[in-house]
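Got chain A sorted already, so can you dock chain B onto it with the hints?
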Amino acid sequence: MSVTTDRRTLLRRAAAAGLVAVPGVSFLSACAGSDDSGNDTKQATGEKSADNPLGIDPKAGIEIVIFDGGLGTKYATDVDTPLYNKKWPDSKVTYSATQQVATTIKPRLNAGSPPDMINNSGSDLMDFGAIVKAGQAADLSDLFAAPSLDIAGKTVAETLVPGAVQQGTYDGKPFAVNYSFTVFGLWYNKKLFEKNSWTIPTTWADFTALLDKIKAAGITPFSYAGANASYYMVRAIMTSAAKIGTEQVLKDIDNLKPGAWTNDAVKQAAAAWGEVGKKYANPSHLGLRHTEVQLQQNQDKVAFYPCGSWLENEQAASTPAGFEYAMMAFPSVTASDKLPATAINAAAGEIYFAASKGKNPQGGKEYLRTMLSKEAALEFTKLTKSLTVVAGAADGVTISPGLTSANDALGKAGQDVFMGYLFDTWYKKLDDASREAANQLFFKGGDAQKFCDTMEAASQAVAKDSSITKFTRS
Amino acid sequence: MRHGKYPFIIGFLVVPLALYLVFVVGAYVQMFQLSLTDWSGYGGFTYIGLENFQKLWDDPVFWIALRHNVYLLIAMPIITIAMALFFAFLLNSGGRKAGGVWGSKVYRVIFFFPQLLALAIVAVIFGRVFGSDKSGMINGLLPESWTPWLFLADEQWALTCILVVLVWQAVGFYVVLFSAGMGSIAEEIYEAAALDGATKVTLFFKITLPLLWDTLQVAWVYLGIAAFDAFALVNIMSVNHGGPDNSTQVLSMQIYLNAFQNSQAGYASALGVVLFFLTLTFAALTLRVTRRDAVQA
Numbered sequence: 001m002s003v004t005t006d007r008r009t010l011l012r013r014a015a016a017a018g019l020v021a022v023p024g025v026s027f028l029s030a031c032a033g034s035d036d037s038g039n040d041t042k043q044a045t046g047e048k049s050a051d052n053p054l055g056i057d058p059k060a061g062i063e064i065v066i067f068d069g070g071l072g073t074k075y076a077t078d079v080d081t082p083l084y085n086k087k088w089p090d091s092k093v094t095y096s097a098t099q100q101v102a103t104t105i106k107p108r109l110n111a112g113s114p115p116d117m118i119n120n121s122g123s124d125l126m127d128f129g130a131i132v133k134a135g136q137a138a139d140l141s142d143l144f145a146a147p148s149l150d151i152a153g154k155t156v157a158e159t160l161v162p163g164a165v166q167q168g169t170y171d172g173k174p175f176a177v178n179y180s181f182t183v184f185g186l187w188y189n190k191k192l193f194e195k196n197s198w199t200i201p202t203t204w205a206d207f208t209a210l211l212d213k214i215k216a217a218g219i220t221p222f223s224y225a226g227a228n229a230s231y232y233m234v235r236a237i238m239t240s241a242a243k244i245g246t247e248q249v250l251k252d253i254d255n256l257k258p259g260a261w262t263n264d265a266v267k268q269a270a271a272a273w274g275e276v277g278k279k280y281a282n283p284s285h286l287g288l289r290h291t292e293v294q295l296q297q298n299q300d301k302v303a304f305y306p307c308g309s310w311l312e313n314e315q316a317a318s319t320p321a322g323f324e325y326a327m328m329a330f331p332s333v334t335a336s337d338k339l340p341a342t343a344i345n346a347a348a349g350e351i352y353f354a355a356s357k358g359k360n361p362q363g364g365k366e367y368l369r370t371m372l373s374k375e376a377a378l379e380f381t382k383l384t385k386s387l388t389v390v391a392g393a394a395d396g397v398t399i400s401p402g403l404t405s406a407n408d409a410l411g412k413a414g415q416d417v418f419m420g421y422l423f424d425t426w427y428k429k430l431d432d433a434s435r436e437a438a439n440q441l442f443f444k445g446g447d448a449q450k451f452c453d454t455m456e457a458a459s460q461a462v463a464k465d466s467s468i469t470k471f472t473r474s
Numbered sequence: 001m002r003h004g005k006y007p008f009i010i011g012f013l014v015v016p017l018a019l020y021l022v023f024v025v026g027a028y029v030q031m032f033q034l035s036l037t038d039w040s041g042y043g044g045f046t047y048i049g050l051e052n053f054q055k056l057w058d059d060p061v062f063w064i065a066l067r068h069n070v071y072l073l074i075a076m077p078i079i080t081i082a083m084a085l086f087f088a089f090l091l092n093s094g095g096r097k098a099g100g101v102w103g104s105k106v107y108r109v110i111f112f113f114p115q116l117l118a119l120a121i122v123a124v125i126f127g128r129v130f131g132s133d134k135s136g137m138i139n140g141l142l143p144e145s146w147t148p149w150l151f152l153a154d155e156q157w158a159l160t161c162i163l164v165v166l167v168w169q170a171v172g173f174y175v176v177l178f179s180a181g182m183g184s185i186a187e188e189i190y191e192a193a194a195l196d197g198a199t200k201v202t203l204f205f206k207i208t209l210p211l212l213w214d215t216l217q218v219a220w221v222y223l224g225i226a227a228f229d230a231f232a233l234v235n236i237m238s239v240n241h242g243g244p245d246n247s248t249q250v251l252s253m254q255i256y257l258n259a260f261q262n263s264q265a266g267y268a269s270a271l272g273v274v275l276f277f278l279t280l281t282f283a284a285l286t287l288r289v290t291r292r293d294a295v296q297a
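Note that the protein sequences, when read in sequence, are chains A and B.
Counting from 1, one number per residue, gives the positions in the first sequence under full-length UniProt numbering.
Counting from 1, one number per residue, gives the positions in the second sequence under full-length UniProt numbering.
Looking at chain A on its own, in the form it has when it is part of the complex (with noise of 0.2 Å):
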């Protein structure tokens, strides 16, 4: 039964085929211990137009579940519902916001009557792999192919960023809106490396002669929070090892092939990042959170961080004046690494989606549509410092020296953006082991055939286990 049928139209089907529906069909939509109810729910639609494409009724109420983290609720409480609310004003939006999405949306999803749109973030978030594969999450397809609310002329797709609409696919459908565009690199304050006349490297020999210097400074070189944050350096460490290989390396480690993670460009990336971990690591950080190292960063104690571009916003508070964040691509590894030194990972993260079994899916889709009008995006932009998908929606307006250092990063790599890997969020026990495998090369001596070895094993072993969703991207 494919995921975008409800059971609702299943039966329909088949009782127009004049076929009784057999028992086994409830089973496949059922869920432990908790009736269907929610699929005899009437879900709410009107008449498709061209100024109503999604087809929502206009009377119906939506309801949405904000996370409450380091992007705040004001873009939802003051841009997005109040632009939602212009064009529907009979369409009532009742809010909430939570830190803890799991624990307060899984129950309703499993109950068949969960919010309309949901914003799946934060420590406690859902497995959206899972979600699509149990049918929960409305697929977009109609959404991104709908016209775009403010851009005259071009689609909702057609006015994203390249991947954007890739990275919330799933088996070539789209189930999720990844609202935030991030990019990483390496951070550190401009101020600090002015008054030293640190220039940026781009070679790893130039990258660890800085590292040198730095260290004789007194301050640690590089660093990033073992206890809670090693995702960092898993991000480090695969985006070396794309300079080194392309993308297709991080392709084959999200599609489990065997020994993508034993190949020659993610040994030399562990080697190269071990290295680094063998010689210039504070082997305390490994029991530090990552506001511990952010804060240190903040008191110039430690000088490059790896990180996404949220770290200026989530850091605003306690940024001194003599700190200004900048942002610095992956030096390159070897002197003959495929992508050139000015390569940046950057992608769509911060997933929102539609639920298949509340009662307006189309009306939580059509909320989507206003959150990427290019007047919202640009409103997002200003209030959280992180850019959207919304492509050019924030260009020529300053917003911030971080967020423009990002930008200028990202005018630099041209067409040498990649969006990076999924394995992550497709597979969480993946994702567990690279941040246990990150903390012991980093930390713990540097063994890259290690890292690499447990790795294999560990996406050997996912992708023999029968119960958990593959998928594959290309």
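Calculated from the structure, these hints are not laboratory results.
Each hint can be trusted.
List of simulated lysine to aspartate or glutamate pairs, DMTMM-like, C-alpha gap at most 20 Å:
| hint | chain 1 | residue 1 | chain 2 | residue 2 |
| --- | --- | --- | --- | --- |
| 1 | A | K429 | B | D59 |
| 2 | A | K470 | B | E51 |
| 3 | A | K464 | B | D58 |
| 4 | A | K429 | B | E51 |
| 5 | A | K278 | B | E155 |
| 6 | A | K450 | B | E155 |
| 7 | B | K55 | A | D465 |
| 8 | A | K444 | B | D245 |
| 9 | B | K55 | A | E456 |
| 10 | A | K450 | B | D59 |
| 11 | B | K134 | A | E292 |
| 12 | B | K134 | A | D300 |
| 13 | A | K444 | B | D154 |
| 14 | A | K450 | B | D154 |
| 15 | A | K444 | B | E155 |
| 16 | A | K278 | B | D245 |
| 17 | A | K470 | B | D38 |
| 18 | A | K429 | B | D245 |
| 19 | A | K464 | B | D38 |
| 20 | A | K279 | B | D154 |
| 21 | A | K429 | B | D58 |
| 22 | A | K429 | B | D38 |
| 23 | A | K374 | A | D395 |
| 24 | A | K215 | A | D300 |
| 25 | A | K464 | B | D59 |
| 26 | A | K450 | A | D264 |
| 27 | A | K301 | B | E144 |
| 28 | A | K450 | B | D245 |
| 29 | A | K278 | B | D154 |
| 30 | A | K464 | B | E51 |
Same frame as chain A, now just chain B:
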């Protein structure tokens, strides 16, 4: 009393029994059912027989977690009970006369304090105490020139740090429990023994301990069950959810990770089934092995 006796009793029992059936027995039954499925936690499932248990048997992390649980199971009750007994003895008959040491009433209250704090708060506080750099409390007290002790970031000591907190949190309660037990031992027994020239140590081993046996037995079972749990502490304190390198991994953490993070609710249920039988076996064994004829006090 003969008429309407049963409706009366049933009236009292029906609500707690219903709650128990729904939230304890029902949950267990469903756990057993789910352990035979491939349920992800969302949507439908199919029955896959004992495949989850097969997978569990082959899972090295399961064995690591089990080993850590066994370590806690042995170390935590022994240390806690020994310390609690020692303190309780001092509080009750450690003084020069029959009573406890000077100020024992105040100590009794202080000992009980940790029990009043929610486990999550204790974990957060001790996370700071065991901080792995100079901002940690213990490292902050050490001389500036020392390299900081890694505590939770050191795979050799991480589990011991967790153990220390478990013991710290539990001791107070058992001090009070044992004090109550010791209070119920008749004064004359001690006096008679003292007249015969018994020392404090002899009094403790020959009189207090045997007469306290039932309480000890209960304490052992409770502590053992607590040692099988340890979830809150590991979840909040440990590096990278049971790390570094799985050095603080326990079964409860594995259940949580598989059920709520890895979307493998079926597998997590299988782990739950194993934990259920382990706890049951432990409780039964403890009660059996330590069974003694009650000594009349």
